[in-house]
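Taking the hints as your guide, dock the two standalone chains into a single complex.
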Amino acid sequence: MPGLTDWLKERFPSDVLETHAAHGDETAVVTRASLPVIAAHVKQDPAFDMNVLVDITAVDGLTMKWNPRFEAVYHFLSTAQLHRLRLKVRVEEKDAVMPTLTGLWPIANWFEREVWDMFGIRFEGHPDLRRILMYEEFQGHPLRKDYPYNKRQPLIGPRN
Amino acid sequence: MEMKTDSSQASQGGYLTSRLDEMIGWARKYSIFQYPFVTACCGMEYMSTACSHYDVDRFGAGLPRFSPRQSDVLFVVGTISHKMAPVLKMIYDQMADPKWVVAFGVCTCTGGFYDNYATVQGIDTLIPVDVYIPGCPPRPENVLDGLIKLQEKIQRQKQEV
Chain F
1182 MPGLTDWLKE RFPSDVLETH AAHGDETAVV TRASLPVIAA HVKQDPAFDM NVLVDITAVD
1242 GLTMKWNPRF EAVYHFLSTA QLHRLRLKVR VEEKDAVMPT LTGLWPIANW FEREVWDMFG
1302 IRFEGHPDLR RILMYEEFQG HPLRKDYPYN KRQPLIGPRN
Chain E
4 MEMKTDSSQA SQGGYLTSRL DEMIGWARKY SIFQYPFVTA CCGMEYMSTA CSHYDVDRFG
64 AGLPRFSPRQ SDVLFVVGTI SHKMAPVLKM IYDQMADPKW VVAFGVCTCT GGFYDNYATV
124 QGIDTLIPVD VYIPGCPPRP ENVLDGLIKL QEKIQRQKQE V
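Same order as they appear, the protein sequences are chains F and E. So that you can map any letter, position 85 of the first sequence is 1266 in my numbering, and since no number is skipped, the others follow by simple counting. So that you can map any letter, position 159 of the second sequence is 162 in my numbering, and since no number is skipped, the others follow by simple counting.
Honestly, I wouldn't trust all of these hints.
Derived lysine-lysine pairs resembling PhoX-like cross-links, with alpha carbons at most 25 Å apart [what the hints assert, rightly or not]:
#: 1; chain 1: F; residue 1: K1269; chain 2: F; residue 2: K1190
#: 2; chain 1: F; residue 1: K1332; chain 2: E; residue 2: K92
#: 3; chain 1: F; residue 1: K1332; chain 2: E; residue 2: K86
Partner residues aside, some chain E positions facing chain F, computed with beta carbon under 8 Å [to be verified]:
#: 4; residue: S34
#: 5; residue: A88
#: 6; residue: N119
#: 7; residue: Y120
#: 8; residue: L129
Derived by calculation from the structure, the hints in this document are not laboratory data. Just so it is clear, CB atoms sit at the ideal spot from N, CA and C, and this is done for glycine as well.
So that you can see chain E by itself, here it is in the shape it has in the complex (with noise of 0.2 Å):
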């Protein structure tokens, strides 16, 4: 981020609030508290990315929340059963504005290979989704290239206060 000190330009509104909103990003692409909501055996992937060898916390989301109230990124992290959908949304529901979704593993993509009665054909049909997160499971580097998208996602995006 460039931090402007010229007084003449910051008097002009349009100006400042753009650089308001590039703040607030940086601010919050590097805070990020995560929801892991874990299922099925993505956790194992997302464990490994979050301890020291792989070090989540080198960008800023190094403090899972299991409260959804206190949680900014949802990562939901395996298989979901239509019976689980019901609480997967409410999850999401719960958690307070600006939040956005990681959709870890196949299986939270599209289904993944479980085509049967029991299993949600990806999480985007309940919830929005940001990131798509591939692989069965994704291997922590695939992890952290999703999480460093979403950082330019947050980056980039309108902010809302």
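For reference, chain F alone in the conformation it holds in the complex (with noise of 0.2 Å):
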């Protein structure tokens, strides 16, 4: 039986450029413009029927030297099928803007805003791309393997 990854491939040839799948669980990396269609269609066709966008996180590959250096990851979920697949999207660190999936999945105006919090990767035409954990003044992004552990941004004290 073909996995989601494969019809991935049949439909979108020049978009997904690589695909693995680790206990049944189907990886596929696209291109960063082919994201929108992309989402669109695995929400939309019923064989694929994503109907909940579980999570938008991201890794920063600066140890592991990565080129380019972060990729954005999205999971999906159909409570239908019972079916999962992961896409991922690498992304240049001077060129760190994905487009957003606000459109498709209202969920991903907040964890577009907790990306962009933590690894500072903008989403283009999100309606609202504020900081969500941390707090208006923080300076930097604290998942970003190049910021201190111990570095610390107090709103109040310390003292001593």
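Written out as structure tokens, the structure reads:
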């Protein structure tokens, strides 16, 4: 039986860069420009039927010397078909911008704010791209590997 | 507390003042109204201490108030992040004197193992602390021990009226 990623490769041959599967979970690395189209497809096509966007996150490959440095990761779930799909998009440090998925899944609003807050990847077309976990005055993006783990940016104090 | 009825001693001013101090201290240490500032898992241990098995009411501290205006002791129970720090400071400032602060658990004492971008490294960087209760989380016996130490401190100190 062909997997989800095989169907994706069939329908988007030039946009799916690579695929792999582990323990029944399938992953496809796709190009940035094709993400909105592929995401809309996996949501609307009955074969995929991905009604839930489970999470958006990112990976900083600085210490692993990745080029491009970042990878944005999207997790999808179909509650009717009970299958999952992971899409990854490689993101350059110099051009850390992704297309937004807020029009397809409203929950993407908060996930994308989190990725912006923690990794500094911007989302073009996002209606309200503010920090979500850290406070407004915070400088930098704490989950980037070059953010010093013991750097403090207190709002008030410490006095001693 | 020793109650003296000898009126000749009571008429000496200095002696009377120290007795008043002692009596107010005794009254205050057995009527601790706490404000539980619960942010994390230590809260479960706090609840366990407050409920009937360990029964914090035996020490006169059985009536938590959820308004800082009505409370005497600020129990900071759980990790304080930099984002939460101004809120904690505001709660402390809203409490009326006399007031005391208990740091409950290692996160409030030192930041615990959260040595990272988000966590305050000990609430004594923000507000003065009277009693530190270490543990991750502290057992109820440990909490009661800290409470008794706070009572001793309240009894000993100069009572501002």
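Results for each hint:
no., hint, result
1, F:K1269 <-> F:K1190, "holds (14 Å)"
2, F:K1332 <-> E:K92, "holds (22 Å)"
3, F:K1332 <-> E:K86, "holds (15 Å)"
4, S34, "violated (31 Å)"
5, A88, "holds (5 Å)"
6, N119, "holds (6 Å)"
7, Y120, "holds (4 Å)"
8, L129, "holds (4 Å)"
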